[in-house]
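Assemble the complex: chain A is given as a structure, and chain B must be docked to it using the hints.
This is what each chain is made of:
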Amino acid sequence: MSADATTPDVVPTKAPRASLGGRAGRLLRGALRTRRGQIGLLLTLIVVGIAFLGPLFAGSPTALHGGPFEAPGGVAGPLGGDSLGRSVLDRVLDGGWRILLISAAATAMAIVLGSIAGVVAAYRGGFADTLIMRTVDVLLGIPSLVFVLMLLSVIGSHAWLVIVGVGLTQAPQVARVLRAAAQDVSERDYVKAVAAWGVPPRTVIRRHVIPSLLTPLMVESALRLSFSIILVASLSFLGLGTQPPTADWGVMINENRVGLAQNVWGVLAPAILLATLAVGTNMFSDAIARANLSAGSAGDPTLQMALTSSNVAEGDEPVGLDAIDEGPG
Amino acid sequence: MATTPATAEVQRPPEEDEGGRWWQSPIAQMVWRRALLGILTLVLIAVIVYFATTVLPGDAATAILGQSATPARIAKVEAELGLDEPLLTRFVDWFGNAIHGDFGNSLSAAAPVGSHGGASKEAVTTLVNEKLLNSVVLIGVTAIVSTLLGILAGMYAAFRRDGIFDTGGSVVALVASALPEFVVAIFVVMLFAVNVFDWFPALSLLPPGESILSHLNMLVLPVLALVIVTTPYVFRMTRGAMIEVLDTDYVEFARMKGVSPRKIAFRHALPNALAPVIQVVGLNLLYLAGGIVLVEAIFSYPGVGLALVEAINGRDVPTIQYIVLMLAVFYVILNIVTDVGVLLVTPRRRYPRS
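Heads up: the sequence lines are chains A and B, in that order. Numbering-wise (the numbering used here), the first sequence opens with residue 1 and increments by one. Numbering-wise (the numbering used here), the second sequence opens with residue 1 and increments by one.
Isolated chain A (complex conformation) (with noise of 0.2 Å):
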């Protein structure tokens, strides 16, 4: 970033390159290298693991084996019954990669077409920009949960409906940071340089600008990701994300309170997964944007500051706080 912003480099094709994977690699490490991060990073593999590894040792998870809510140890296995009298265990195993590769689509979604937006909005400016934010504020008016439930209220529920009501619901957030570092990037003496040299816009986008949104794209992915799983997970809760019979943990929660006496572990155990999960992503994010500040303290602090996502620019507290405004509510 040194280099780029000191010595005028007009050539447009070298530096920025070598410095994309330089850039993504120092976040991560740096992430890393913080307790935070690396606690963050192990509860986000475990579950992880055991939801793409599970399905591979998990039996049917439709077969009855008994009344409902066995005990556990018993006909239905280590971790007993459910409602129905499947095994706890089998559906466990079953039951989470479904939420995260939705969650992962959907915070793929948010993230190109919050960057396109946000970039766009930056870069253009007048009435796309008006446009354009106008749309994330309407956008960030509604409730996240509430929004993506009123279109799964009408259309029926849907993997594909599910990414992208939490992918439009995430990509505002993604919108607003890209355009403050976009804007703040082509305000660069360098960049200005290389757009007065006469190279075309689009050149000075894709060689100059996109790089330098790399890490707040980082900072963000984390972000979105973390909260798209609690997103999704509460949608299979509420009975319109991932339908029965499927084993879902969200939808496992559901089916089995009713039986917690009987059988705490059909609660229990998909709960303690998925409040893993969620402590390690968020856990996670949060390493990889306090890096993210701390890298950049070599150059403008405030840009920086303006680069997370937080809602509130003052306090020491740089990151978590855009957890409330569109937390799973």
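Just to be clear, a hint being listed does not mean it is correct.
In silico contact screen, one side only, chain A against chain B (beta carbon under 7 Å); selected entries [as the list claims (entries may be wrong)]:
hint	residue
1	I230
2	A233
3	L260
4	V264
5	V267
Hints listed in this document are in silico derivations from the structure and should not be mistaken for laboratory results. Note that beta-carbon positions come from the ideal geometry of N, C-alpha and C, so glycine has one too.
Just chain B now, with coordinates in the frame of chain A:
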């Protein structure tokens, strides 16, 4: 809100504080500007809500009646919903009525399964407003408890920085703030209603026509679940803001002068740490507007959130529209109130930085 810079709100220099007429004061100007933007935002949200719920591919009439409905019945329901008229006419009619507080009749309330078009229909607003008070109580009590708890705990942690309470509190806050709300609620149910203690009801099943205020034991667990999710943010914010203020020269001076720690905390430090705290409380309230949906659904708490979930399951489109718009109005108003609150406690922010 960080992205809307205070552009040319006032040209007067800061020394001339509140000199002009009141509507020219920076705060009034900000309120005007934000209110106009807010109304614009609400109109656009109304458009989105209307189109998302009535125009998108899911055919409302089929959704209501099920796939096996006869064409005649579908036509009847469509006429009832006004679906046979042109799109724009429908929207204008709906919007005009909505502004006057008429969101139409609930599709599910008066119509037990399969008897659509019954005579005894009830207005959506009447049905939902009955439940509004319960939700307001839930949000209000949660906000008060989590704000007080968060501020006190945050101040204490800041004073005993890096002590056991501080480090422990930060870890608890980190975990609690990350947890999905329905997972917290289900843990609360296991702990205090079913598996460990049997202190409170697992479901807040209120007898019809009674207020939640006469059944306070039903309020405890829903409030507890929401307090667990929202308090960490107040805690973190207060702690961070307090630490910053405690490091300033004037607090150091007060300390050297021999002012008691309690007086330093509440008299000298807290007022200057309030701005971010107010912001975070505002954000918490915003979050609760959506957050009540899950918690009310889990506890069958008779509020607006549960009504929304039920309306969605019953494809009760007018009710969905009303509740979503009501939440959006709450959002927009609260955003403005929060920003005004921040301006009130930080005079220096009333003027654009030069």
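Checked hints:
1. Residue-level restraint check for A/I230 holds (minimum Cβ-Cβ distance to chain B is 4 Å; threshold 7 Å).
2. Checking A/A233 against chain B by beta carbon gives a least distance of about 6 Å; that is within 7 Å, so the hint holds.
3. With its C-beta approaching chain B no nearer than about 4 Å, A/L260 sits inside the 7 Å limit, and its interface hint holds.
4. Annotation: interface hint on A/V264 holds; nearest CB of chain B at approximately 5 Å, less than 7 Å.
5. With 7 Å as the threshold, the beta carbon of A/V267 comes within range of chain B, its nearest partner Cβ sitting at about 6 Å, so the hint holds.
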